[in-house]
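Chemist: The primary structure of each chain is shown beneath.
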Amino acid sequence: MAKMNLLQAINSALISMMEQNERVMVFGEDVGHFGGVFRATSNLQQKFGKARCFNTPLTEQGIIGFANGLAAQGSVPVAEIQFGDYIFPAFDQIVNETAKWRYRSGGQFSCGTLTIRTPYGGGIAGGHYHSQSPEAFFAHIPGMKIVIPRNPYQAKGLLISSIKDDNPVLFMEPKRLYRAAVGEVPETDYELPLGKADTVKEGSDITLLAWGAQVEIVEKAAALAEEQGISCEIIDLQSILPWDAETVINSVYKTGRLLINHEAPLTGGFASEIAATVQQECFLYLEAPIARVCGLDTPYPLAHEKEYMPDHLKTFEAIKRTMDY
Amino acid sequence: MAKMNLLQAINSALISMMEQNERVMVFGEDVGHFGGVFRATSNLQQKFGKARCFNTPLTEQGIIGFANGLAAQGSVPVAEIQFGDYIFPAFDQIVNETAKWRYRSGGQFSCGTLTIRTPYGGGIAGGHYHSQSPEAFFAHIPGMKIVIPRNPYQAKGLLISSIKDDNPVLFMEPKRLYRAAVGEVPETDYELPLGKADTVKEGSDITLLAWGAQVEIVEKAAALAEEQGISCEIIDLQSILPWDAETVINSVYKTGRLLINHEAPLTGGFASEIAATVQQECFLYLEAPIARVCGLDTPYPLAHEKEYMPDHLKTFEAIKRTMDY
Amino acid sequence: MQDRNHLSHVKLTHKAKVITNGLLDIPMLQLLDETGKPTKDSELPKIDQELAQKILESMHYTRLLDERMIGAQRQGRISFYLASRGEEAATVASAVALDANDMIMSQYREQGALVFRGYTTQQFMNQMFSNQEDPNKGRQMPIHYGDKALNFMTISSPLGTQIPQASGYAYGQKMAGKDAITICYFGEGAASEGDFHAGLNMAAVLNCPCIFFCRNNGYAISTPAEEQFAGDGIASRGIGYGVNTIRVDGNDVLAVYAATQIAREMALEKKCPVLIEAMTYRLSAHSTSDDPTGYRSKEEEQQWAKKDPITRFEAWMQTKGWLDEKAIEAFKDKTRADILNALKVAEKVPVCPIEDIIEDVYDTPPWHLQKQLDELKAHINKYPEHYPKTANRDKKGAN
Amino acid sequence: MQDRNHLSHVKLTHKAKVITNGLLDIPMLQLLDETGKPTKDSELPKIDQELAQKILESMHYTRLLDERMIGAQRQGRISFYLASRGEEAATVASAVALDANDMIMSQYREQGALVFRGYTTQQFMNQMFSNQEDPNKGRQMPIHYGDKALNFMTISSPLGTQIPQASGYAYGQKMAGKDAITICYFGEGAASEGDFHAGLNMAAVLNCPCIFFCRNNGYAISTPAEEQFAGDGIASRGIGYGVNTIRVDGNDVLAVYAATQIAREMALEKKCPVLIEAMTYRLSAHSTSDDPTGYRSKEEEQQWAKKDPITRFEAWMQTKGWLDEKAIEAFKDKTRADILNALKVAEKVPVCPIEDIIEDVYDTPPWHLQKQLDELKAHINKYPEHYPKTANRDKKGAN
Ligand SMILES: Cc1ncc(C[n+]2csc(CCOP(=O)(O)OP(=O)(O)O)c2C)c(N)n1
Ligand SMILES: Cc1ncc(C[n+]2csc(CCOP(=O)(O)OP(=O)(O)O)c2C)c(N)n1
Ligand SMILES: [Mg+2]
Ligand SMILES: [Mg+2]
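Chains as they are written, first to last, in the numbering used here: chain A, 1 to 325; chain B, 1 to 325; chain C, 1 to 399; chain D, 1 to 399.
Everything labelled a hint here was simulated from the structure, so no lab data went into it. Possibly wrong hints are sitting among the right ones.
Short derived list, chain A residues pointing at chain C, Cβ under 10 Å [claimed, not checked]:
#	residue
1	67
2	70
3	89
4	97
5	180
6	183
7	199
A virtual CB, placed ideally from N, CA and C, is assigned to each residue, including glycine.
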């Protein structure tokens with residue numbers, strides 16, 4: 001075990017994978033000698049050479065296009081998109097190519113070995129071009145997997161699983177936790193299962209569901225609620241696609257109430273899918289409407305970031321409203 | 001009044017707008033002399049000259065980038081994307097540019113005059129690259145409006161409103177109705193309001209919600225249901241963003257049941273947003289879970305198109321299940 | 001740390017002079033003139049009678065396949081077809097220069113390359129009838145072939161996407177120490193996509209052993225080349241990326257063959273990309289959905305019909321004494337019969353069973369897809385008459 | 001119908017020759033050598049003492065602003081800054097050649113152009129403090145300026161997006177019969193984006209009166225130019241698109257001015273795009289978030305510091321007898337004081353009131369945004385101490 005922050009955990013996972021499998025290659029803008037603008041790929045070029053860890057030209061569509069071809073060839077690309085906000089030029093390569101490659105070829109070829117890493121999320125005074133949480137766009141793409149860790153331990157285990165998984169994975173890293181989240185992480189390899197939620201805390205009155213950096217927000221809200229005698233069950237979804245409906249549904253069977261928190265705008269955010277599914281599956285168990293505490297339907301603001309955020313107070317208020325319904 | 005099919009209605013709207021306002025320009029792949037691969041822009045170049053109706057090079061990101069600049073300049077671009085399946089290379093220009101332009105400039109500049117037209121949807125043996133219904137991807141973008149007509153009358157009125165509206169509008173055309181949908185259309189100008197649903201048929205037992213080509217599917221299902229004494233209210237959403245929650249909610253207050261039908265894959269489709277909102281607003285009125293009858297979470301199949309489609313039989317079955325809940 | 005100077009190679013000038021169009025004239029390699037005679041001083045690539053025969057047959061086969069399938073589409077037997085008439089030299093002769101291990105990533109009009117590689121008539125038909133014998137499992141519209149055994153990547157409709165992918169594929173081949181390259185075909189229209197830019201630039205910077213083979217056939221559906229670009233075709237862009245470039249007469253089998261051979265050798269040895277622009281003309285309609293009379297004249301088409309690549313190659317073979325017209329006629333008759341036969345077989349093979357609808361989305365279907373399939377099957381069982389292709393079948397697909 | 005022939009301009013060759021790198025040497029226009037002396041035979045653009053003085057002051061102002069704001073960022077007063085040290089000639093002198101009606105669409109390192117246009121110190125500060133006096137309403141990170149009155153389009157972070165937009169903007173100007181063009185600035189890194197390709201090609205085909213001004217400063221954050229492209233810089237790409245192209249010494253005020261004047265005249269008269277590649281060097285870190293010691297040497301930086309554009313221009317002014325060092329020192333002192341003053345004013349101006357959070361998403365807020373605002377306001381009223389910037393304010397924004 002070693003104390004690592006989230007970046008170090010990612011770096012450690014990449015090193016393990018590159019050591020184990022010489023077909024693993026890491027590339028993206030500034031990931032080479034410099035180690036990436038957040039330093040997640042520090043020392044990889046130095047350790048594994050320029051052929052396996054390299055800067056690309058500044059083109060996200062090119063990075064993913066290249067990665068798709070490399071994956072189809074049988075290599076194991078781990079491509080970095082510098083900010084989640086800049087993944088959209090690659091959207092076509094992801095929606096129409098990465099995700100459909102295996103399907104369209106009848107399983108003859110695939111991009112299964114591809115992992116795309118990208119930092120996402122706000123709370124860093126980044127405004128609308130350095131704060132977006134685009135997971136819902138990708139959740140509507142059959143063929144993709146989407147994974148989001150909330151702490152260093154998860155980050156390493158889930159990233160290793162993502163790289164080993166034979167499906168294309170979008171691995172989204174909550175950048176405001178890059179240095180803030182610190183914890184004990186095994187120095188050796190380990191895998192955490194994809195598609196599984198993590199029950200962070202058990203409780204009986206209401207289920208609080210979040211992922212990534214928002215888990216600590218709902219934890220804070222839960223602490224306030226507990227003071228008022230409300231027992232909260234907290235679930236970290238971890239995988240957005242496929243998502244662990246079973247764990248969520250079982251929890252709601254028990255608590256009868258569900259609150260989902262995410263940073264992305266409300267309309268069409270992934271909370272809507274969860275709410276739609278859970279109202280279907282738990283209709284007779286629900287004691288109150290499923291609450292969504294999300295970002296506003298605006299671009300991510302700069303000056304009003306604090307007001308925009310689905311913070312612990314908004315979550316706490318929604319818990320109370322749901323309890324009092 | 002004249003009998004027109006959906007394509008002719010669109011062509012008629014474009015002619016009206018180009019006649020009225022010399023700043024209106026129509027462009028895209030093959031839209032010039034040839035009049036577009038579906039012929040929606042027939043004769044526009046001949047009538048208004050090559051400077052106002054022109055072919056572009058084959059680049060969707062370029063078409064929308066160019067259109068964004070043209071709109072910011074004060075012209076009124078109507079850009080065509082040849083198939084909805086090929087809009088993704090332009091996704092960045094739409095998400096990060098079109099939709100955020102007014103916001104980021106504090107209202108100094110905007111792309112409000114832009115209209116993007118694109119055919120979408122399946123049922124034409126087009127497989128996964130000529131059948132997609134991508135509306136949900138765009139519904140998660142604050143700043144966009146999304147409009148979908150179901151017949152020639154709507155098509156003309158809504159397209160004119162979209163072009164005149166001072167917000168960027170994505171105008172999605174159900175291509176399997178291009179020639180199949182025929183109806184009486186005024187030869188003169190008229191506008192239909194954006195953001196408003198259209199109650200196609202009143203009923204008391206269940207609300208059926210759809211848009212575009214799926215409206216006729218739910219109509220067929222409703223006919224089957226009526227035979228069994230189930231009274232269906234049918235709503236055509238018409239605008240996906242902003243959507244007319246009020247009309248839907250009021251209908252559900254009355255019927256106590258809601259079924260949403262769309263062709264796009266279930267997970268993260270726009271039905272999820274509607275379900276999430278309606279379960280919140282109508283919690284105490286709902287007599288059964290909100291049903292979603294949608295595409296499967298797979299790419300749009302070719303050989304199994306019929307099986308994939310959320311057709312009238314699947315809808316009818318879901319109506320019965322919802323009634324019997 | 002390395003000291004860098006992005007200026008070190010740049011010469012100075014002190015007179016403001018704008019570089020305007022026409023600075024660069026990229027000539028076109030032609031080895032056979034339009035009558036099939038070797039051009040002056042031209043060094044022909046090595047080619048024996050057997051290979052020449054195979055090339056000629058591949059071109060004829062391609063054209064016959066095109067003709068028959070356009071017919072089949074008109075008869076409503078298949079939904080769509082896309083012919084390559086006039087471009088057979090470009091697609092067949094380029095494939096000739098490749099090794100069987102080289103990966104082909106094509107756009108959609110390169111059936112000639114696939115024919116040369118040995119795709120069988122039955123395979124063509126199975127794909128076009130989307131039946132369960134198609135290795136792509138009938139998932140794509142007609143003409144979107146793909147075959148792992150032949151190193152022919154499954155075709156994808158979105159244009160240009162295969163270009164950066166080819167760079168990545170080639171990089172992977174290099175890293176894996178393979179003695180193979182990737183060839184990437186595309187049209188001059190697709191070269192307007194951002195992916196073209198990304199793909200060529202990345203290949204140049206990352207030294208990918210890849211041939212970018214552009215078929216400049218003058219049109220992208222109805223859009224003529226002059227509304228597609230203002231520069232000197234696609235070749236002039238190669239210079240911009242620092243990519244080795246050759247322009248070739250795409251209707252000249254020998255020139256295409258020679259250029260692709262040189263390109264392959266260079267790509268493999270120097271681990272670098274090479275761009276080939278083959279100047280040709282799409283004699284056919286864009287596809288069966290298209291009608292070119294809306295955008296070009298019969299006269300123009302006739303002009304180009306005179307440059308027919310098959311005729312030209314036959315004329316050359318004739319001068320070599322290699323042309324056996326009877327044998328060719330026999331080959332054509334047999335091919336026509338084979339195609340019709342295979343077509344009849346393919347149209348009777350059922351589509352994949354319904355279980356297939358959720359396959360290959362992921363490596364194994366996750367819970368939500370399994371659930372959707374279960375519901376779908378129950379529904380089909382309830383209304384078997386509405387889903388005749390899939391109802392009442394055992395898993396093998398027998399009705 | 002017009003008969004078309006995309007081959008008609010192409011010359012033939014009969015020897016297979018690959019065009020390899022180095023065919024094209026695009027020279028760089030330099031009018032003042034590195035010591036500030038006019039180069040041999042060079043024809044200098046017309047420039048009087050007043051204009052020279054204004055250019056010099058704009059460059060100094062830009063550098064002082066950069067220095068002060070880097071300091072302010074270190075002090076934690078603003079969150080982010082991005083300096084243009086070393087590139088002031090490229091950005092100021094290009095703006096000098098423009099008309100006030102020309103639209104500027106910049107990347108982010110072109111504060112020099114904005115200074116020359118007359119953006120005030122207070123405007124700079126209001127933007128950087130995201131306060132309610134910023135015409136962009138404080139919605140963007142520092143340095144994302146925009147000002148309609150000055151025809152300076154609000155900056156957007158996603159790289160390259162402004163390039164096809166500039167083509168469209170220029171097309172609109174042409175169609176509206178305006179006597180104005182658009183200039184589009186971008187870095188050599190951004191030129192790798194697909195949007196660059198689309199923008200230049202469309203401008204060439206659609207005859208857009210637009211100057212594409214590339215600052216090739218050797219780096220994109222840590223990525224050196226040689227890992228960005230393999231061709232002859234960005235200029236060689238112009239040729240590929242058939243776009244008129246000039247390469248210029250970006251550290252030479254007079255050469256940049258002359259080149260941009262020529263480009264503007266050509267763009268306006270011929271209704272066509274012109275590409276300028278200004279060779280320069282980013283002497284500063286990429287931004288305050290960056291530390292270049294991780295990827296380049298001090299020696300390399302020092303090499304380039306010797307080519308400082310301000311020093312060079314001062315040396316030339318000196319030879320003209322136009323340099324009044326005292327006046328310059330006074331100007332610099334006054335500028336420093338002005339900046340500090342404006343900074344202190346700006347940091348006290350509040351951010352926009354909370355009502356603003358839903359404004360400008362649409363022309364008017366739709367129902368769902370209004371509802372979200374109402375809920376938010378109620379929430380803020382409940383916890384005013386947690387939202388100190390917006391709680392307990394009247395609509396005007398006074399606390
Ligand atoms: C991204 C994308 N945009 C548009 C289309 C529709 N489309 C199919 S073929 C075609 C023209 C392609 O022309 P070119 O690349 O020159 O190839 P050619 O047909 O001439 O062989 C177009 C616009 C597409 N398939 N993909
Ligand atoms: C689409 C996109 N990708 C990545 C980034 C992150 N980024 C910001 S600046 C930069 C480097 C730009 O280099 P260049 O264009 O050469 O301009 P310079 O900074 O040298 O002036 C990068 C990668 C971005 N802003 N947008
Ligand atoms: Mg073509
Ligand atoms: Mg740069």
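Chemist: Going through the numbered hints above, which ones does this structure break? Give me the numbers in ascending order.
Modeler: Per hint list: 5, 6, 7 violated.
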